[in-house]
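Hints in hand, dock the two standalone chains.
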Amino acid sequence: MFDLIVFVILVTLGYFFGRLAEQRHFKSIKQREHLYRSVLCFSSRFPPPNPTPVESTLVAGNVVISIDYFKRIAASLRGLLGGRISAYESLLERARREAILRMKKEAKFKGATSIFNVKLETSSITKGKNQQVGCVEVYAYGTALIPVNRG
Amino acid sequence: MLVSNIEIIPGKTISKHLGMVQGNTVRAKHAGRDIMAGIKNIFGGELVGYTELLQEAREEATARMIQQATSIGANAVINVRFSTSSVTSGAAELFVYGTAVVID
Chain A
22 MFDLIVFVIL VTLGYFFGRL AEQRHFKSIK QREHLYRSVL CFSSRFPPPN
72 PTPVESTLVA GNVVISIDYF KRIAASLRGL LGGRISAYES LLERARREAI
122 LRMKKEAKFK GATSIFNVKL ETSSITKGKN QQVGCVEVYA YGTALIPVNR
172 G
Chain B
24 MLVSNIEIIP GKTISKHLGM VQGNTVRAKH AGRDIMAGIK NIFGGELVGY
74 TELLQEAREE ATARMIQQAT SIGANAVINV RFSTSSVTSG AAELFVYGTA
124 VVID
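Heads up: the sequence lines are chains A and B, in that order.
Note that this note's numbering has the first sequence beginning at 22, numbered continuously upward.
Note that this note's numbering has the second sequence beginning at 24, numbered continuously upward.
Isolated chain B, as found in the complex (with noise of 0.2 Å):
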């Protein structure tokens, strides 16, 4: 599966679109990783938790996403977009989406 963000995929054509689709996660914080994150609101700096939190979240997001293409028959995905809102305070929504193709 082929994840890009542009338009186009070099050297390659588009045969056929199959329109939009679409991952998301929700997640919530973690207590333990909170606590770390108020002592580091104090000193400033990284906060590690939190930047693999979303990270691993994003991945999910994305790999629903390529699910969702594989099963109507994609092979590649352009013009991919991330998308982060918060729903309520202490969670966050992580939304992605973009077009699923045919190449050959």
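Isolated chain A (complex conformation) (with noise of 0.2 Å):
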């Protein structure tokens, strides 16, 4: 009985507490993408042949984002039924945006206006009680041009 109790006061604080911190960190996101947005990113290889001289250094940003406690049970569940695991997805997308984001800031502090080659790596960190993924980190770097100025 009381581990029910227990069990029922944590899935609704995750609920909760969950929903609120996942709202407000996707309003940050979107303010700060808006904020960074000077900054362009690219995923191929090779920057274009540029006439103008470029200094280049390598920037990164990473994130550890956790998963809260109502969504671990739903996701579970979901796993008995199978299909899309949407707790999963958004987790998932914040991280990897957040990652993009710090990556941005360091380069924009740098001076650059461009990133290229960048790469995201995924990993998970620890593996929680009855092991389910806990939480995710995102790794994201790249090279970013700056460009000089002579004169």
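Zero decoy hints are in this set.
In silico DSS-like links for lysine-lysine, alpha-carbon gap of 25 Å or less: (1) B/Lys35 <-> A/Lys140; (2) A/Lys51 <-> A/Lys126; (3) B/Lys35 <-> A/Lys131; (4) A/Lys129 <-> A/Lys140; (5) A/Lys129 <-> A/Lys51; (6) B/Lys35 <-> A/Lys129; (7) A/Lys51 <-> A/Lys131; (8) A/Lys48 <-> A/Lys129.
Quick caveat, the hints were computed from the structure, so don't treat them as lab data.
Remember, it's a predicted structure, so these values are computed and weren't measured experimentally.
This is the structure we're talking about:
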């Protein structure tokens, strides 16, 4: 009985706080995407032949993000039936967009205008209780091109 | 030391290839951070402790790679790749590798 009460409390807490945190995170992501839109990201391997002199440097951004308790339970129930697990889809989307934003922030700080050969790497850090994925890490890295002003 | 993950350095020519260089580090989680992460697993959200831990670990791996590149006389590392693998539960290996070159 006691276990059941704890479980219900955890699910409720996870549902409300998780939703709130996710909404707030998406809002902040949208704002910052607008702020850093001047930094262009490309996944092509080579920058175009450029007549203006540039300097290049490696920039990176990472984030570890965890899923809330309610979504974890919902995802494990979905696992029985099969199909899309939207709880994890939104988690990974948030993580990727956040990692790219942090990379762009570093690039903008260094005065870059574009980032080439952007690679994204995803890995799960912990296995939570019952061998479920607790949180994911996304690492984004690329080569930032910084225009050099000579004159 | 120039580090880049594309195969050319814009505006510079590669005069010599010196082969592959690598750096790695294996990090374990910290008990205090683990407890915090457990709490965060209920509410969801970013695990700042882990983000910092992994960032530090990657910087260390990169520093080791740069040290190796310097010791063989390179002045740039190109085509850098990062890789993560879990060795045992609770520890992660961060691996970084690239090609050491001499540029003019």
